[in-house]
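Chains as they are written, first to last, in the numbering used here: chain V, -19 to 180; chain P, 397 to 605; chain H, 729 to 1006.
Don't read these hints as lab results, they were simulated from the structure. Some hints could be false.
Claimed, not checked - Pairs of lysine-lysine, PhoX-like flavour, derived with a Cα cap of 20 angstroms:
hint, chain 1, residue 1, chain 2, residue 2
1, H, Lys845, H, Lys813
2, H, Lys894, H, Lys872
3, H, Lys844, H, Lys813
4, P, Lys494, H, Lys900
5, H, Lys844, H, Lys879
6, H, Lys780, V, Lys44
7, H, Lys780, H, Lys843
8, P, Lys403, V, Lys66
9, H, Lys843, H, Lys813
10, H, Lys879, H, Lys780
11, H, Lys963, H, Lys813
12, H, Lys882, H, Lys872
13, V, Lys44, H, Lys872
14, H, Lys882, H, Lys780
15, V, Lys6, H, Lys741
16, V, Lys44, H, Lys900
17, V, Lys66, P, Lys466
18, P, Lys494, H, Lys882
What the hints assert, rightly or not - The following residues of chain H were derived to be distant from chain V, with all beta-carbon distances above 10 angstroms:
hint, residue
19, Lys741
20, Ile759
21, Leu779
22, Ser840
23, Lys894
24, Glu913
On a predicted model such as this, the values are computed, not experimentally measured, just so you know. Glycine included, every Cβ here is placed at the ideal spot set by N, Cα and C.
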Amino acid sequence: MTDVLTLFGTYIAIIITLAVYSYIIKETDLFRFAEYSFLATSIGWAILLGLDTINNVGISAISKGRYDYIIPIILGLLLFTRFSGKLWYLARYPVAFILGVGLGVFMRGQIHAMFLQQIAATVITPVTVDSLIILVGVLSVLVFFYFTREHKGALGYVSTLGRYFLMVGFGATFGNTVLYRINLAVGRIIFILRALGLLP
Amino acid sequence: MTSEIFKRKELVFALIAFLGLWLFLDYSVVEPGVQSVTADILKWATLLGGFMLIYGGLEALRYHSKVVYKKQRNWYWSAYFVAIVLVYVFSGLIQGSKGMIPQWLFNNMLDPASATMYSILAFYIISALYRTLRLRSIELAILSLVTIIVVAANDPIITIYVPQLTAVRDWFISVPNVGANRGFVIGAAIGAIFLGVRVFLGRERSLVR
Amino acid sequence: MGWAKKMGEISSKWIYILLAILLVIPLLVPIPLPLTPSHYTMEVYETIESLKPGDNVLFVIDTGTSGWPALGPGVIALVEHLFRKDGVKVFFVEFESTSPPLVDRAVAAAPSASKKKYGEDWIHLGFVAGEETGKASFAADIRKVISVDYKYGKPIDEYPIMKNVKNMNDFKLIVEPTNAITWMEQAIRQWYTPYHVPIISIPPFLDVPWAENYYRAGQLKAYLAGTSGLAEYEKLLGMYGDATRGLAVMTTTHTYAIILFVIGNISYFLSRRKKEVK
């Protein structure tokens, strides 16, 4: 029975893979089957993970005597007041909690890691041609994103240089995107060929 | 009267600002009491993250259930969606998320669909490379040439005959690209910091509906 | 010169069909290609080689099912390498929601996993919700966000491996393959910056330019770059995996992309010249 289910599952997986690729030709009901299967299983999986999280983080703490964890559970339940006509405003509070915590956590890391350490890496470095090019790139890109004044004259030239540096960055990203997307396709094709017994 | 107080947005902004500042300042405060409270706040936020996952799922279920109920366009697909979600969730509740049915649905529906959705872009990106990368202006020329150098350097056969291409690609990625990227990251960090300060001061009203 | 214009207007249908053929044929007819590990690959290899018995490694699979086809071979290679190191303990955790079942897949594909004992040499802690907040919470105190393991659902304190592991300070190395640069940035903000635990990663290849920035800034210790990076790593371990298998496809498809680029631009310039002459 398990073997039959496994085989059936493999064929469903192959059909879904080919159904998604059929979108390249035309959007058909086959593609919609794959699309809705993806959406439904993502949602189902997310709900199960959410329930697991509540159980492992919240319920287990309460069962160990940490009754203060009733507060976040009540906050979490307030989220569902969004579905009600009268009490919808209470859903703002759990969102505000997550927003506040997320913002604080993000900001503390952002200032150190994405601002100070990046600046330090740019200026505290041996002086070489490459490090000077990087410094020029950083400054010109920052000028490019400075929109308070019109980019005229010297500011215009530096901003244009910044634009050229950004084009190099986008070009490198685009070239690697070709590599990545093709690799993803290769991975799926290997799966199909393996399932059909054409690859070890 | 109480409900009127809870309806006020100022309370919400105050909560966001208080928590944000607490977490932000905790970084610099090495005080066990403070850090213990912070650890609990973080855990509460993780727990709320679980509720968010469920809320998002229920919102999607609600939308599709309405489509089925009102027999709107493509309602049969929405019915399929609702059926699969309910099967997934109830089988997961009975068997656990690692049970036979949830795992079967994950391995044979979610995984192949998710993996293939992203890989379909391979075809579009090749088409985009053919149709849009033109040496039309200086900016496009820089973009196109760097793209082609990177594509060529990622091609094993070309690098056998022109091994210098790898060094050229690596130079573009590790020097001018790092300059651009770092400027981007620092600029975005400045923007994020200012946005954070606005939120802490309660001046960013767009956060709350 | 109507043909010049037609050269730039090849139907998408034919482009896709030819691409599909070029994707499949090299997989069925393997073309062996020489591989020389780059310094990026060697840095990852030497970082793991330098681990000593008793070192704890946090393995964060954030590829998700969407990134697994491209990054999976690299994940398997890294898991295999870690399992070959005697006495090194591996802790699997995920912050991306579709990643938890991928741990079993990676471990099942690693030949040295059979020599390792679950609960003593490795453990699967499971999924932590909240993304960056979850990462911060996990780093501060593991037991605040994980009470049971993912594989058996038993309290984590029942496993010997968890005996002296409380928070991020107890880890020697973080390995984080990801399918988006944001996951790596979160790890840099919440793990590397406060706790200074080095991170090695497999970024999605399109984000290699971003990863290079963090690598140059010293925030990322090392990373595997691209298909060739993964294939080089497999070669260093003596494995013939899907990354090596897929390398030949890079040859056909990338050459095809370059040819299309050249044809498109020739058509553009010839058509433009014709317009100017008129």
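Hints versus structure:
1. About 13 angstroms separates the Cα atoms of Lys845(H) and Lys813(H), which keeps this hinted pair within 20 angstroms; it holds.
2. A threshold of 20 angstroms between alpha carbons decides the hint, and for Lys894(H) with Lys872(H) the separation of about 10 angstroms falls inside it, so the pair holds.
3. Taking the CA atoms of Lys844(H) and Lys813(H), the gap is about 10 angstroms. The hint holds against a cut of 20 angstroms.
4. Straight-line distance between C-alpha atoms of Lys494(P) and Lys900(H) comes to about 30 angstroms, which puts the hinted pair past the 20 angstroms bound.
5. Restraint check: the Cα-Cα separation between Lys844(H) and Lys879(H) comes to about 15 angstroms, which is no more than 20 angstroms; the hinted pair holds.
6. The straight-line distance between the Cα atoms of Lys780(H) and Lys44(V) is roughly 37 angstroms, outside the 20 angstroms bound, and the hint therefore fails.
7. Taking the CA atoms of Lys780(H) and Lys843(H), the gap is about 18 angstroms. The hint holds against a cut of 20 angstroms.
8. With a CA separation close to 11 angstroms, the supplied pair Lys403(P) and Lys66(V) stays within the 20 angstroms bound.
9. Taken as a hint, the Lys843(H) and Lys813(H) pair is honoured in the structure, with Cα atoms around 11 angstroms apart against an allowance of 20 angstroms.
10. At most 20 angstroms may separate the alpha-carbon atoms for a hinted pair to count; Lys879(H) and Lys780(H) exceed this at roughly 26 angstroms.
11. At roughly 17 angstroms between alpha-carbon atoms, Lys963(H) and Lys813(H) fall within 20 angstroms of each other, so this suggested pair holds.
12. As the CA atoms of Lys882(H) and Lys872(H) are separated by approximately 15 angstroms, the hinted pair is consistent with the 20 angstroms bound.
13. This hinted pair checks out: Lys44(V) and Lys872(H) have alpha carbons roughly 12 angstroms apart, not beyond 20 angstroms.
14. Distance check on the hinted pair: Lys882(H) and Lys780(H) sit about 28 angstroms apart at the alpha-carbon level, beyond 20 angstroms; violated.
15. Proximity of Lys6(V) to Lys741(H) is assessed by CA-CA distance (about 11 angstroms); at most 20 angstroms being required, the pair is judged to hold.
16. For the hint pairing Lys44(V) with Lys900(H), the CA-to-CA distance comes to about 31 angstroms; that exceeds 20 angstroms, so the pair is violated.
17. Between Lys66(V) and Lys466(P) the CA atoms are separated by roughly 24 angstroms; this puts the pair beyond 20 angstroms, and the hint is violated.
18. Between the alpha carbons of Lys494(P) and Lys882(H) the distance comes to roughly 14 angstroms, so the proposed pair stays at or under 20 angstroms and holds.
19. A beta-carbon of chain V comes within 10 angstroms of the beta-carbon of Lys741(H); the shortest separation is about 8 angstroms.
20. The non-interface label for Ile759(H) is consistent with chain V: the shortest C-beta to C-beta separation is roughly 14 angstroms, beyond 10 angstroms.
21. With a least CB separation of 25 angstroms from chain V, Leu779(H) remains clear of the 10 angstroms interface cut-off, as annotated.
22. Here Ser840(H) stays apart from chain V, with its beta-carbon at least about 20 angstroms from theirs, past the 10 angstroms limit.
23. Every Cβ of chain V is farther than 10 angstroms from the Cβ of Lys894(H); the closest lies at roughly 17 angstroms, confirming the non-interface assignment.
24. A cut-off of 10 angstroms between C-beta atoms contradicts the statement that Glu913(H) is not in contact with chain V; the least separation is 7 angstroms.
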